[in-house]
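Asker: Residues per chain are reported as follows:
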Amino acid sequence: MTTTATPPTRAEAETRRRRGLDLDWVRTNGVYVALALLFLLNVVWTNNFLTERTLLLQLIQVTPVVIVALGMALVIGTEGIDLSVGAVMALAAALIPLYVGYGAAMAILIAVLVGFVTGSLAGSMVAVVGVQPIVATLGIMVAGRGVANLLGGEIKTIREPGIVSLGSESLLGVPYVVLIAAVIAALVWFAARRTTYGRQLVAIGGNKRAAELAGLPVKRVVITTYVVAGVLAAIAGVLLAARSQASDPTKLGQLMELSAITAVVIGGTPLSGGQVRIIGTIAGALLMQLIFATLVFHNIPDSTAQMAQAVIVIAAVYVQMGRRRSTS
Amino acid sequence: MTDPTITVTEPRTATVLETAGVTKSFGGVHALRGVDFSLAEGEVHALVGENGAGKSTLIKVLTGVHRPDGGEVRYRGGRVDFAQPAAAQRAGISTIYQEVNLVPLLSVARNIYLGREPRRYGLIDVPTMERDARELVERLGVHIDVREDLGRLGLGAQQMVALARAMSVDSRVVIMDEPTSSLEAREVATLFDVSRSLRDQGVGLVFVSHRLDELWQLCDRVTVLRDGRDVHTGRMDGLTRTGLVSHMLGRDAGELARDGATEFGESHLQGREPVLSVAGIDARNTLRGVGLTVRPGEVLGLGGLLGSGRSETVKAIYGALPTQAGEVIVDGRPVHRNSVRHALRSGVALLSEDRKAEGIIPDLSVRDNIALAVLPRMSRMGIVSESRIDKLVETFMGKLRIKASSPRQLVRELSGGNQQKVLIARWLCTEPRVFLLDEPTRGIDVGAKAEVQSLIDELAEQGLAVVLISSEMDELVEGADRIVVLRDGAVEAELDGADLTSSALLAALAGDIAQADAAAQEEDR
Numbered sequence: 017m018t019t020t021a022t023p024p025t026r027a028e029a030e031t032r033r034r035r036g037l038d039l040d041w042v043r044t045n046g047v048y049v050a051l052a053l054l055f056l057l058n059v060v061w062t063n064n065f066l067t068e069r070t071l072l073l074q075l076i077q078v079t080p081v082v083i084v085a086l087g088m089a090l091v092i093g094t095e096g097i098d099l100s101v102g103a104v105m106a107l108a109a110a111l112i113p114l115y116v117g118y119g120a121a122m123a124i125l126i127a128v129l130v131g132f133v134t135g136s137l138a139g140s141m142v143a144v145v146g147v148q149p150i151v152a153t154l155g156i157m158v159a160g161r162g163v164a165n166l167l168g169g170e171i172k173t174i175r176e177p178g179i180v181s182l183g184s185e186s187l188l189g190v191p192y193v194v195l196i197a198a199v200i201a202a203l204v205w206f207a208a209r210r211t212t213y214g215r216q217l218v219a220i221g222g223n224k225r226a227a228e229l230a231g232l233p234v235k236r237v238v239i240t241t242y243v244v245a246g247v248l249a250a251i252a253g254v255l256l257a258a259r260s261q262a263s264d265p266t267k268l269g270q271l272m273e274l275s276a277i278t279a280v281v282i283g284g285t286p287l288s289g290g291q292v293r294i295i296g297t298i299a300g301a302l303l304m305q306l307i308f309a310t311l312v313f314h315n316i317p318d319s320t321a322q323m324a325q326a327v328i329v330i331a332a333v334y335v336q337m338g339r340r341r342s343t344s
Numbered sequence: 079m080t081d082p083t084i085t086v087t088e089p090r091t092a093t094v095l096e097t098a099g100v101t102k103s104f105g106g107v108h109a110l111r112g113v114d115f116s117l118a119e120g121e122v123h124a125l126v127g128e129n130g131a132g133k134s135t136l137i138k139v140l141t142g143v144h145r146p147d148g149g150e151v152r153y154r155g156g157r158v159d160f161a162q163p164a165a166a167q168r169a170g171i172s173t174i175y176q177e178v179n180l181v182p183l184l185s186v187a188r189n190i191y192l193g194r195e196p197r198r199y200g201l202i203d204v205p206t207m208e209r210d211a212r213e214l215v216e217r218l219g220v221h222i223d224v225r226e227d228l229g230r231l232g233l234g235a236q237q238m239v240a241l242a243r244a245m246s247v248d249s250r251v252v253i254m255d256e257p258t259s260s261l262e263a264r265e266v267a268t269l270f271d272v273s274r275s276l277r278d279q280g281v282g283l284v285f286v287s288h289r290l291d292e293l294w295q296l297c298d299r300v301t302v303l304r305d306g307r308d309v310h311t312g313r314m315d316g317l318t319r320t321g322l323v324s325h326m327l328g329r330d331a332g333e334l335a336r337d338g339a340t341e342f343g344e345s346h347l348q349g350r351e352p353v354l355s356v357a358g359i360d361a362r363n364t365l366r367g368v369g370l371t372v373r374p375g376e377v378l379g380l381g382g383l384l385g386s387g388r389s390e391t392v393k394a395i396y397g398a399l400p401t402q403a404g405e406v407i408v409d410g411r412p413v414h415r416n417s418v419r420h421a422l423r424s425g426v427a428l429l430s431e432d433r434k435a436e437g438i439i440p441d442l443s444v445r446d447n448i449a450l451a452v453l454p455r456m457s458r459m460g461i462v463s464e465s466r467i468d469k470l471v472e473t474f475m476g477k478l479r480i481k482a483s484s485p486r487q488l489v490r491e492l493s494g495g496n497q498q499k500v501l502i503a504r505w506l507c508t509e510p511r512v513f514l515l516d517e518p519t520r521g522i523d524v525g526a527k528a529e530v531q532s533l534i535d536e537l538a539e540q541g542l543a544v545v546l547i548s549s550e551m552d553e554l555v556e557g558a559d560r561i562v563v564l565r566d567g568a569v570e571a572e573l574d575g576a577d578l579t580s581s582a583l584l585a586a587l588a589g590d591i592a593q594a595d596a597a598a599q600e601e602d603r
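Quick mapping for you: the protein sequence lines, in order, are chains A and B.
Just so we're aligned: the first sequence equals residues 17 to 344 in this note's numbering.
Just so we're aligned: the second sequence equals residues 79 to 603 in this note's numbering.
Just so you know, these hints were derived from the structure itself, not from any lab.
By construction, the Cβ of each residue, glycine as well, lies at the ideal position given by its N, Cα and C atoms.
Just so you know, nobody snuck in bad clues.
As a list, the in silico DSS-like pairs of lysine-lysine whose alpha-carbon atoms are at most 30 Å apart:
no. : chain 1 : residue 1 : chain 2 : residue 2
1   : A       : 267       : A       : 172
2   : B       : 469       : A       : 224
3   : B       : 477       : A       : 224
4   : B       : 434       : B       : 138
5   : B       : 434       : A       : 224
6   : B       : 481       : A       : 224
7   : B       : 477       : B       : 434
8   : B       : 527       : B       : 469
9   : B       : 527       : B       : 434
10  : B       : 481       : B       : 527
11  : B       : 481       : B       : 469
12  : B       : 434       : A       : 235
13  : B       : 527       : B       : 477
14  : A       : 224       : B       : 527
15  : B       : 434       : B       : 469
16  : A       : 235       : A       : 224
17  : B       : 481       : B       : 434
If you only want the chain A side, here are some residues facing chain B, beta carbon under 8 Å, derived:
no. : residue
18  : 212
19  : 215
20  : 216
21  : 218
22  : 219
23  : 225
24  : 226
25  : 228
26  : 229
27  : 290
If we strip away everything but chain B, and leave its shape as in the complex, we get:
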């Protein structure tokens, strides 16, 4: 892929921050397994990887939030061991998070100098502080009134303030953790301008983003993490999208092209009217005109990298994500926008990705968790019929083989796999026509995973329309009859029949249309 005539002539600049063989684990889970990472002065270095690859752990090690179990961190030539984030900050390593962690009720100037306010007679020297702040902000080329309360500014402007704060402490390293994910296009442009000017002043920047396009716009080099290891480090130019994505997912495009096409014929589905059709869904900053259809008995895979809008799409269909436009039709009848209750009544169910925060009610029993969504149906005149619930719960606990000491056991005491089955049971009780499954096998053990996967097939066979989201390519390719690939909140490609291969999916995930076509042709031969 790389043009061999271009010799990589990196000017040898000084390394400002590096790690050597850093390891870190949390209760037996290895988050980092020996990572070598180096950041040079005056470069923007992209750090990429899928969920759980170890990006945030590495950042936390660099900024003193976590101490590494093994290996070492070197900063400006010497080994360092930051005891806490403040120590890293004092040394000149600043971090800018997606959610700005400054004080919204204080002025911009106060925020920039928080904890280091210029003083006179023991009091804060407000005129000096505001003058200095104004100078800093102007150097960033943004127009902000430094006396304004921070909370009254837009998110983009708040991030500029965070950057100004980083400059004011004379940072040598600025780490930006998904700074752009909630910014408007114009704000992103300003952020990049400021980042480049910092780079030109010799600052080393680490840039984390799941919007791949941005990496080529801004970054000089990239380090790819996967399963807690650094699997690739190199220059951005000369790297193709497919190349980058295959590093992230651990698949080689060439090797994948040899995989056989799966034998899922879709003939039994042809001609049936779609039970779910979705068109033109717009949601601020996340979705742009997403549309898809699912027929009864079909498993539609929803592919895409982190941040592509997969979870947002199913949430929007379910009414749990505010949308500005779009149409969801179930069984020929339109579903009210932004109403979970109406979506449920129309026969849509959503198994959310975040089991803990959006799924289980931890202190309720298995039984009460299963019956939660159908309580009104299990009641007469507002009084719950215990016997009907018992019967329902017994049926589903048997059908899904939920392992609990009794239906009265608290759901928080169950394993992840059994909690997931409890939630699936909760939704099946509602007798859905359309079942949206967001990462149904994440975080559950291998046995439960296989059970959940075969359950999905079974449900589809019974005529349910299933939308399946999975970050695991195999699960998606094998489990789905058809795959819609999202990128940056819009439908990028649709794969079915002979195109339904790992290599075509990989190319589509990377947004490399030419590659996808080539892969498809390869298959045809």
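Same shape as in the complex, but just chain A:
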């Protein structure tokens, strides 16, 4: 049937398709190209960049963002958003000094459990009550930070040897925190690609009504997603506290929600849901980290780095919009 189309329309469609493909290509692969270019630039221009010390430090610094952004990517895949991740990090970290008396494992378990609780709360509000994700998670963001302050008070140092070693030691030269982030990334990738849950998630984000009519467990999938995001945020909070050997309820995880959303968006996941790009998200987090690092290496002030971040986010969103227009 398609072969009977008249030549001009077909040629027209062809160009439109090619242009759409180009934008699509930029959207999905732009982040890798940018990351590679910036990396090469640093190899050439930055002294001591290509050393194990520098590179490992970059990886260690990026782990919290990567872990949080993975959860964020899933939430955004359902056409949602989670603003509470930074506060959940602070809350989890604030619990560590309180429960460290029961041993490192117990303290960490309780801290991670808090992410489970806030995630269930956010997910239930969104999926069952029907509150908009931005509102539901904003509430938890404000309340979570408040509770963290209430529990933690001021900065508390952490001296428990188990937790300290989690934040500072390595296995075969790879720091624990980086290892943990890598394992989490692999698990989330697997869940998104290979499991029923992951397939259902993108279908729900792509067309919720159709997913409901196809008998998908929409509520369960959405709640699970917020729980995963909450738990990952709590883990990130624990790792950050372990590395800095302190828990600061006011500062820890601040603006993390924005960094995570940025990583997801420049990684090629559309904010309109229906797609989850795990590798892209990791690359997005790495790119942001490298931009900051580059500016720091060359003594350019923080404010410039923030402006650079803004430009990149807007460009990423623009590319997505371009795609949408070309297909409509």
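Got chain A sorted already, so can you dock chain B onto it with the hints?
Answerer: Below, chain B without anything else, positioned relative to chain A:
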């Protein structure tokens, strides 16, 4: 049909709004093909037609939402060309939609005077505004506190506010687009009272409704649109229901009576136990005690005009429409009410009418769309088996001849017909016992249409119980073994055997029992 002794003595009143030869097309699709329409002062004029007849396009042209491609719109004697809806509103043409488009968080008075608030010292003069609003509302004979937030009122009351707003701008024309479809009976009565009082004040009203009874209650004249043309204009009194419906569907009752009965014997179906039986389904404002049964291998047609409750019936069976009462039994086992998941598990599948909004997941591949409803069955311990999905998808893509560059092609890139086949495949994967098909051939090209139709027959032959909804009378009469006709959310008639003819269907659609009987007798002779 019209009594020849009654001479039509219309008092010659002034025409307030008219169109002459208006055409409008959207990307090659002709929505209006030269429509002449005229509205007189002090009349209620019904505008009717089936889906896609051009009603809403005509209204949008009248109210300045669309500009006509050709022809002209005349208002109060002069040619007008409204650039935007606000211009039409300023000139005195108000529109009231089914969904009230006012601001729910502002008070009733603010809504009535939105954008034209009386001012004092540059601020809104609240006392004056509220006094005027109260007067207006009282003139409409409704009791509403004008200081209340609009959103706290019922839908009917909100529509009264919309009417009050129309009066406050001193409208000469009020266009009501399906104002009654979500109102309670009492609210409808009030709306009609208010409409009549507006008419008596010389306002011209255009009334769109798919509840045919309402037309005779309220309207003086009617214009019927079909395929973008005005096919009939005349007075309401003297027009029979069958007459009106045959104008809408483009069929002449007399001509249809000569059609032969279709040869579908139902002997092979007799005696089999029904696989689906439905009884007493009530859904607020849409369904009243609907019941039906379907035997294995049978195609049950579900007939009815727009708004008769066809789609609602199949949605209710599938659990996708909240119901207040009713019983659905599949294979002797009751299906939980209001649960899509349980309906699916019981062997019911629904191909929804709205392919885009309720069917495809546009950004997923053909493959993922087909496997969507059976993912748990294609998985072990929550992990999807790609090879099993590949095999399933390959089978169905071949069986239904789905044309895609590969199973990985995005479904949004497919033609409408192929998207429809993808959805049919999705439901067949669930191995249904009962397949509910809501307008399965709408919006797909002729070739695909024939394929889908023969597929339906094939499925029935394999023992599936099929419920088929179609707005096309031929498709229904030829495709179905039996037809249940709905009207106003209730079962109006059931046609089978010798009664299964276009003319009997037409009469039943119009709700004209006497006509239906007459048509049936005609057939018998």
